[in-house]
Amino acid sequence: MSEGWTLSVNGEERTFVGDGMTRLLDVLRESLGLVGTKEGCGEGECGSCSVLLDGDVVCSCLVPVFQVEGRDVRTIEDATAVPGLAALQDTMVTEGGVQCGACTPGIVLTAAVLLERSERPDRAAIREALAGNLCRCTGYERIFRAVEKLVDQRPRGAL
Amino acid sequence: MGAPDAVAVAGCTDLMVVDTATGRRHGAVVDLQRLPELAGVRDDGGWIDIGAAVSFSQLRREALVAEHAPILVQAAATIGGWQIQNRATIGGNIANASPVGDSLPVLLALGAELVLASSSGERRVSYADFHRGYRETVLEPGGLIVRVRVPHALPDQFQGFKKVGTREAQAISKVVVALSARRVEVGGQEHLADVRLGAGAVAAMPIRLRRTEALLEGAPVGADTATRAAREARAEVNPIDDARSTARYRAHVLGRVVRRLVGDISA
Chain A
1 MSEGWTLSVN GEERTFVGDG MTRLLDVLRE SLGLVGTKEG CGEGECGSCS
51 VLLDGDVVCS CLVPVFQVEG RDVRTIEDAT AVPGLAALQD TMVTEGGVQC
101 GACTPGIVLT AAVLLERSER PDRAAIREAL AGNLCRCTGY ERIFRAVEKL
151 VDQRPRGAL
Chain B
1 MGAPDAVAVA GCTDLMVVDT ATGRRHGAVV DLQRLPELAG VRDDGGWIDI
51 GAAVSFSQLR REALVAEHAP ILVQAAATIG GWQIQNRATI GGNIANASPV
101 GDSLPVLLAL GAELVLASSS GERRVSYADF HRGYRETVLE PGGLIVRVRV
151 PHALPDQFQG FKKVGTREAQ AISKVVVALS ARRVEVGGQE HLADVRLGAG
201 AVAAMPIRLR RTEALLEGAP VGADTATRAA REARAEVNPI DDARSTARYR
251 AHVLGRVVRR LVGDISA
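In the order they appear, the protein sequences are chains A and B. Under the UniProt record's numbering, the first sequence has 78 at position 78, and the numbering climbs by one with no breaks. Under the UniProt record's numbering, the second sequence has 83 at position 83, and the numbering climbs by one with no breaks.
Extracted from the complex, chain A is given alone in its bound form:
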């Protein structure tokens, strides 16, 4: 059942021709060449394939492309996907939050959404936000510290 599906990816209108049940992950990586989005478990447990769908983080391995028709998809290739994304990427590098890198795109997108929605997330809030992103190098501590560093750099509001 091949049909054409139109979706907005990183602000550009793209068309995919194929089965509507094709995973968004496969459309991104194989048809559109956007290989920044990684496949880990393929069953929604690890968060490596995280992308933004209308601004919310989702596992692209669990999204059939037909449900994305007419919606906004942002991937790690889009430095403007979330405000502050580039700063977070830099801090992940300088704080040693990147090891093998397979989980990094998903973690950066998810943490960027947290930093956008929450002014001063504490350790518990950061852990909760990243609960759906597994790092098999187990480098969580430095990932949390990278996020905390950006929180610390934020100006404190007048009390």
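No wet-lab data here; the hints were simulated from the structure. The beta carbon of each residue, even a glycine, is placed where N, CA and C say it ideally should be. A few of these clues could be false.
As the list claims (entries may be wrong) - Some residues of chain A that are not near chain B, with every Cβ distance over 12 Å (derived):
hint, residue
1, Ser-8
2, Gly-101
3, Val-151
What the hints assert, rightly or not - Listed below are several chain B residues computed to face chain A (Cβ distance under 10 Å; list not exhaustive):
hint, residue
4, Cys-12
5, Val-29
6, Gly-80
7, Gln-157
8, Arg-167
Using the hints, position chain B against chain A.
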């Protein structure tokens, strides 16, 4: 839903896992996500009325749910990470009918009812009558869950929820329990009334622990009652060994969780 091989989908967080693992293909796929009849949370005369396609992220943000069903918010926050909560829906959790669905014991404890629709019309069923066996429900072929209704909380109502998994976050439950009970004062001592105790991962489907509920009904609030309830809960279930846990562990932990939840009533 006239096509016999049609499948209705919402967040697809269960369906896609099976599709990928098995290479299963579908005929017609019907998307329920944008149907207004299945959307939104509203107040409806003593009930909160939740659209079946409401995601767990939405549930976590809804003031009405926080006010009347705090344990539903708690359960929603334990279902996968953000990625899953943004897509998975309460109706999907119910329709998938897994014995370990985390919102299901909560809906049993809260005394929820479902609005079901099919080509022959709409009907309401008590959620306690919905599951019939392992992944078997009273939903007819082609039928849909439209709304999930939860009664308003009462001022003297206690609600408790506890899930035990391999890790704190993003784990499939080994045991999941939800409790609702009213605290009624009789002769200077608080007693329990209208007790509903839901449990998951201890049977082929989400169940009410009816014997434990009967023991708790009218019992005084306190550590003694909590201990007796724990013993009864362990005795009344017959869980299985599987990849996630063992029958012995499940029965043991169920007792501990029931004791803690009942004990929390006096806290």
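> Would the least Cβ to Cβ distance between Gly-101 of chain A and chain B come out above 12 Å?
Replying inline: Since the minimum Cβ distance to chain B is about 19 Å, Gly-101 of chain A lies beyond 12 Å and the statement holds.
> With a cut-off of 10 Å, does the beta carbon of Arg-167 of chain B approach a beta carbon of chain A closely enough for the hint to hold?
Replying inline: Given a least distance of 9 Å, the restraint on Arg-167 of chain B holds.
>> Is the interface hint satisfied for Gln-157 of chain B? The criterion is a beta-carbon contact with chain A at less than 10 Å.
In response: This interface hint is violated because 27 Å lies over the 10 Å limit.
> Does the interface hint hold: is Cys-12 of chain B within less than 10 Å of chain A, judged Cβ to Cβ?
Replying inline: holds, 6 Å
> Does Val-151 of chain A sit more than 12 Å from chain B, CB to CB?
Replying inline: holds, 18 Å
>> Would the non-interface assignment of Ser-8 of chain A survive a Cβ cutoff of 12 Å against chain B?
In response: holds, 17 Å
> Would the hint on Val-29 of chain B stand, with a C-beta cut-off of 10 Å toward chain A?
Replying inline: At about 6 Å, which falls below the 10 Å cut-off, the nearest Cβ of chain A leaves the hint on Val-29 of chain B intact, so it holds.
> Is the interface hint for Gly-80 of chain B satisfied, with its Cβ closer than 10 Å to some Cβ of chain A?
Replying inline: holds, 6 Å
Going down the numbered hints, you'll see the structure goes against just number 7.
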